[in-house]
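Here is what each chain is made of, one letter per residue.
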Amino acid sequence: MIPVHALAAANGSGPSIPAPHIEYGQLSPMLVVFGAALLGVLVEAFLPRRLRATAQLGVSLLGLGGAFAAVVVLAAQGHGTTRAGLLAMGAVAIDGPALFLQGVILLTAVLAVLTYAEGRLEPRINGHRVDAFAAQAAAVPGGEQERDATREGLRTTEIYPLTLFAVGGMLLFPAANDLLTMFVALEVLSLPLYLMCALARRRRLISQEAAVKYFLLGAFASAFFLFGTALVYGYAGSLQLGEIADVVSGVSQVTPALAVTTQNDALLLIGLAMLAVGLLFKVGAVPFHSWTPDVYQGAPTPVTGFMAAATKTAAFGALLRLFYVAFPGIRWDWRPVMWGVAILTMVVGAVLAITQQDVKRLLAYSSVAHAGFILTGLIATDRRGVAAVLFYLLAYSFVTLGAFAVVTLVRDSKGEATHLSNWAGLGRRSPLLAAVFALFLLAFAGIPLTSGFTGKFAVFQAAAEGGATPLVIVGVLSSAVAAFFYIRVIVLMFFSDPQPSGPAVAVPSPLTATAIGVGVLVTLGLGLLPQYFLDLASKAALFTR
Amino acid sequence: MNSLIPLLVAAPLAGAALLLLGGRALDRLGHWIATALAALSFALGLALFADMLGRDAEHRAVTEQLYSWIPVDGFRADVAFQLDQLSITFVLLITGVGTLIHLYSVGYMAHDERRRRFFAYLNLFLAAMLVLVLADNYLLLYVGWEGVGLASFLLIGFWQHKPSAATAAKKAFVVNRVGDMGLSIAIMLMFVEFGSFAFQPVFATAGDASEGKLTAIGLMLLLAACGKSAQVPLQSWLGDAMEGPTPVSALIHAATMVTAGVYLIVRSGAIFNLAPDAQTAVVVVGAVTLLFGAVVGCAKDDIKKALAGSTMSQIGYMIMAAGLGPIGYAFAIMHLVTHGFFKAGMFLGAGSVMHGMNDEVNMRHYGGLRTYMPVTFATFGLGYLAIIGFPGLSGFFSKDKIIEAAFAKGGTEGWILGLCALLGAAITAFYMTRVMVLTFFGEKRWQPDADGNEPHPHESPKSMTVPMVVLAFGSVFAGGLFIYGNSFLHWLEPVTGHAEGDSPLSAWTVTGLATVCMLAGAALAWQMYGRNPVPVKAPVGSLLTRAARRDLLQDDFNHAVLVRPGSALAATLVWFDSRGLDGLVNGLAAAIGGISGRLRRIQTGYVRTYALSMFGGTLVLVASTLLMRSV
Numbered sequence: 188m189i190p191v192h193a194l195a196a197a198n199g200s201g202p203s204i205p206a207p208h209i210e211y212g213q214l215s216p217m218l219v220v221f222g223a224a225l226l227g228v229l230v231e232a233f234l235p236r237r238l239r240a241t242a243q244l245g246v247s248l249l250g251l252g253g254a255f256a257a258v259v260v261l262a263a264q265g266h267g268t269t270r271a272g273l274l275a276m277g278a279v280a281i282d283g284p285a286l287f288l289q290g291v292i293l294l295t296a297v298l299a300v301l302t303y304a305e306g307r308l309e310p311r312i313n314g315h316r317v318d319a320f321a322a323q324a325a326a327v328p329g330g331e332q333e334r335d336a337t338r339e340g341l342r343t344t345e346i347y348p349l350t351l352f353a354v355g356g357m358l359l360f361p362a363a364n365d366l367l368t369m370f371v372a373l374e375v376l377s378l379p380l381y382l383m384c385a386l387a388r389r390r391r392l393i394s395q396e397a398a399v400k401y402f403l404l405g406a407f408a409s410a411f412f413l414f415g416t417a418l419v420y421g422y423a424g425s426l427q428l429g430e431i432a433d434v435v436s437g438v439s440q441v442t443p444a445l446a447v448t449t450q451n452d453a454l455l456l457i458g459l460a461m462l463a464v465g466l467l468f469k470v471g472a473v474p475f476h477s478w479t480p481d482v483y484q485g486a487p488t489p490v491t492g493f494m495a496a497a498t499k500t501a502a503f504g505a506l507l508r509l510f511y512v513a514f515p516g517i518r519w520d521w522r523p524v525m526w527g528v529a530i531l532t533m534v535v536g537a538v539l540a541i542t543q544q545d546v547k548r549l550l551a552y553s554s555v556a557h558a559g560f561i562l563t564g565l566i567a568t569d570r571r572g573v574a575a576v577l578f579y580l581l582a583y584s585f586v587t588l589g590a591f592a593v594v595t596l597v598r599d600s601k602g603e604a605t606h607l608s609n610w611a612g613l614g615r616r617s618p619l620l621a622a623v624f625a626l627f628l629l630a631f632a633g634i635p636l637t638s639g640f641t642g643k644f645a646v647f648q649a650a651a652e653g654g655a656t657p658l659v660i661v662g663v664l665s666s667a668v669a670a671f672f673y674i675r676v677i678v679l680m681f682f683s684d685p686q687p688s689g690p691a692v693a694v695p696s697p698l699t700a701t702a703i704g705v706g707v708l709v710t711l712g713l714g715l716l717p718q719y720f721l722d723l724a725s726k727a728a729l730f731t732r
Numbered sequence: 036m037n038s039l040i041p042l043l044v045a046a047p048l049a050g051a052a053l054l055l056l057g058g059r060a061l062d063r064l065g066h067w068i069a070t071a072l073a074a075l076s077f078a079l080g081l082a083l084f085a086d087m088l089g090r091d092a093e094h095r096a097v098t099e100q101l102y103s104w105i106p107v108d109g110f111r112a113d114v115a116f117q118l119d120q121l122s123i124t125f126v127l128l129i130t131g132v133g134t135l136i137h138l139y140s141v142g143y144m145a146h147d148e149r150r151r152r153f154f155a156y157l158n159l160f161l162a163a164m165l166v167l168v169l170a171d172n173y174l175l176l177y178v179g180w181e182g183v184g185l186a187s188f189l190l191i192g193f194w195q196h197k198p199s200a201a202t203a204a205k206k207a208f209v210v211n212r213v214g215d216m217g218l219s220i221a222i223m224l225m226f227v228e229f230g231s232f233a234f235q236p237v238f239a240t241a242g243d244a245s246e247g248k249l250t251a252i253g254l255m256l257l258l259a260a261c262g263k264s265a266q267v268p269l270q271s272w273l274g275d276a277m278e279g280p281t282p283v284s285a286l287i288h289a290a291t292m293v294t295a296g297v298y299l300i301v302r303s304g305a306i307f308n309l310a311p312d313a314q315t316a317v318v319v320v321g322a323v324t325l326l327f328g329a330v331v332g333c334a335k336d337d338i339k340k341a342l343a344g345s346t347m348s349q350i351g352y353m354i355m356a357a358g359l360g361p362i363g364y365a366f367a368i369m370h371l372v373t374h375g376f377f378k379a380g381m382f383l384g385a386g387s388v389m390h391g392m393n394d395e396v397n398m399r400h401y402g403g404l405r406t407y408m409p410v411t412f413a414t415f416g417l418g419y420l421a422i423i424g425f426p427g428l429s430g431f432f433s434k435d436k437i438i439e440a441a442f443a444k445g446g447t448e449g450w451i452l453g454l455c456a457l458l459g460a461a462i463t464a465f466y467m468t469r470v471m472v473l474t475f476f477g478e479k480r481w482q483p484d485a486d487g488n489e490p491h492p493h494e495s496p497k498s499m500t501v502p503m504v505v506l507a508f509g510s511v512f513a514g515g516l517f518i519y520g521n522s523f524l525h526w527l528e529p530v531t532g533h534a535e536g537d538s539p540l541s542a543w544t545v546t547g548l549a550t551v552c553m554l555a556g557a558a559l560a561w562q563m564y565g566r567n568p569v570p571v572k573a574p575v576g577s578l579l580t581r582a583a584r585r586d587l588l589q590d591d592f593n594h595a596v597l598v599r600p601g602s603a604l605a606a607t608l609v610w611f612d613s614r615g616l617d618g619l620v621n622g623l624a625a626a627i628g629g630i631s632g633r634l635r636r637i638q639t640g641y642v643r644t645y646a647l648s649m650f651g652g653t654l655v656l657v658a659s660t661l662l663m664r665s666v
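Residue numbers (the working numbering), protein chains in the order written: chain A, 188 to 732; chain B, 36 to 666.
No wet-lab data here; the hints were simulated from the structure. A hint or two may mislead.
[Stated by the list, open to error] If you want a taste of the chain B side facing chain A, the calculated C-beta under 7 Å gives, among others:
1. 627
2. 632
3. 664
Even glycine gets a Cβ: it sits at the ideal position worked out from N, Cα and C.
Pulled out of the complex, with its shape left as it was, chain A reads as follows:
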């Protein structure tokens, strides 16, 4: 307080900080979600335990649904196209990509919340249905307190407000128009996720290990992002992406106070690289991917599905905005580097997935490879590239969420049976489930008539037209390698003999069934009739600044 006061006094003209003008209407999607999250906290504090789960589910669905409705209204009013603009004094941008990705994130979050509420997979305890989350998160694994809590049939309903906070951060992330807002959004989405990773009901130690690893590495990556922010501020004298772009291209005036450091290119390039590190960590690009398999495996599977789909969408949105709004002027500097990252990501992700024996780790490496495919679209640096990335994220989110939802259903007495050997012959025992999973795998592999093909085709086409043909060739070759392990799972499910003591497929409640069903519909819909959504993505593919 005191330094501010001193500064104001030194100026001699009283408090001159203008009262910020906030456009509540355009920010409503985020505000609704944050409001629902706060309501969830109140529910935790004041509602009796037996009512909490239902109430939390209702609050979450209402909040997410309301936010999605707000996104649709904003888009219908033209805030994605003609009326796109900066809000909150330039801190937030509401434009096509922001609204499109917010819509995707909200829809994935709805499906994820449905899988959270699934209560029919775990055996009943003490007459209570329980879900995939720890009975009492604070209890020491294996301790007395945990045993008591488990015996009581308790549930960690805090998962819902945590998810809502994370979703709020994710909505802000691709819309953030200055580096500090972006950093805040990054932290707002990350901190709840760290906690959520630790909440698995079974295999709690590995779950907590995953959370700690994610937290430590995430903090490390955030530090890079923050350091990069400082360096870029030093170069440009501003945190706003549009103003940074002006300085980069030499349009705007240099602030005299910063004349010593401004337009020092070393600051700009190092800062850019460090910002990129922070975001590439979130999307899981090589060599910042090492957390992915461990965290994906350890986290409760519904959380993994949510994280894999929504976090990636939000982070790619931020990455797009950073490169397309702030740094298009030095694309000749960052493009070759991103080429290297994309190639490495595709190849390492695909090659490492081949030897995985755990289905969650397999999907984790597959998500790394997909991050590489999406990066090729980003490198196109034109509107088509943005449109392709937007479409890819839409397609990928639903496939991922559906695939992880299927993983929750294959179980033995110790919980989910994620080792691939347990999946042998699944197609004979439960043909429908195996067929659905096969569909998701084919979509991951990019086989025609699935959304994966359309998405992959779009990004590769954009990259090729943007002059990155070698990248496309590497991408196609990696897809071929990746197809091998996807199809291997299909072969395992349909052409191997089932193990005698293999896992059983649990019959889910309509909640998980809905999530999987929507995943199947979207996967087929975007594969068979993609035109409407391709048009939508290409209409939405213009950033405002």
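Given chain A's structure and the hints, the job is docking chain B onto it.
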């Protein structure tokens, strides 16, 4: 009136769709629906024929444009039907004989569980065959051509539970593919040369093309005709095709489909007329096949296979006539129509005999059936008299005209062809008399069937005998009707043109020679089989007999010349594929797997390692970003 033309095709096509999709619900009525639709198509054909008769010769041909099938820049394919004197002739033959055979099949297939499917295929065949003869362009003709091939495949293999039927269907399909390839190449050549494949523009501009190109197109069309019409060297499938139900043999493998090659050549007359080398190839194929089929027919003990050899031989006559150019086109078609009557009639007769004899096909186990099956005997006998060319019956006129035309070709060529045709006539009389005598005369040589049931020959039901009787009328009178006042010749002349040749012999001489040859052949057969007892077990026979029983070694030839080198080539390729390509692929896969296994070790599970790798990655990223600027 012209708008009725598409209905000709639509009626049987709808029947096929209805019966195939309708399911069990139509099991009881399906065959009657199919027969009714075939009859409807025939009635439409008659109406269109009457309408056509009402116009003068210049305006008889009409074209009915249905829709543009593939409208692309520089490439136009229409679904358009052309109904002229030639196609209406085929329409009446196909739907008329087709309807009769539908009717016959109602009785013949009465006890078959899959009768509905059988009738669906028959209707499908009718539709495809009508598309073939009504198309106004080669591409649509090709659709029909493939359609009849499909129907033929399905019907030969109809009793697919018998391995021999399944194999025969496959053989017919594969051999036909060779011919189909010829047709598709011919169509491509036409498109390159004329920029179109509709009959009108192609025939109108044929004169502008070089003779070499026309010869190439002609030879490819001949290849197609050889496949579909079972001519040497693609004749091997027809004998095996007799594995299909007998009505199928009568309709598809005697009266209609196998004559599609003749239609193709006559229809493409404008091309062949300008390509004499291709025409020579056509007559050679025809002459060789007419003798080949006749010799094979002499040695077969299976009644259907003997008739199949005869079909091959008779189509050889037609192909030869078609190869003679305008001298022979009309006579090729005339023989085609009369042959359609008497051969279909005889196949139905053979089916009737088999029906009465516990499905026995070996003629050495028949004998003396004339008193047991009088209607069959009478109708078969009339067909027999027609095919050997007994004066006054259908075959006498049509075959005689072809022999005359062969002599009329002139020069040495004319003599060779004429003598071949006469020799063929003699052999025809021989093997047909043999069939007749073995089946209906002599003592009974009946054998119990595999289950030990003694045969109790009896006349077939009305639904089977009526079609036989109707066809017998055709066998007797069609030829005379066609020849009376040269009516058939004048009818076709606007389409095929006509030219009188320069015959070294007078028409009466040729007729006399042909009759003498016929009598000699028949007498020899009577001497061998009628006056001497027939052994139940076939004697070893001469070298020629043994070769003829094996279809003159056609399969051995194909096996040695095509199958064995083909298998060797395939084996080489498989070896190359598994050792070379697969080795490469598997090696690559193993290499990637190995790399994957190595890389996995980096994933230690320790946060410190991960953080270090992130830090290293950041350094590389920063360094390379800076490096990009300095480069």
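Verification of the supplied hints:
1. 627: holds (6 Å)
2. 632: Residue 632 of chain B check passes; min Cβ-Cβ to chain A is 5 Å, inside 7 Å.
3. 664: holds (6 Å)
Violated hints are absent here; each numbered hint is respected by the structure.
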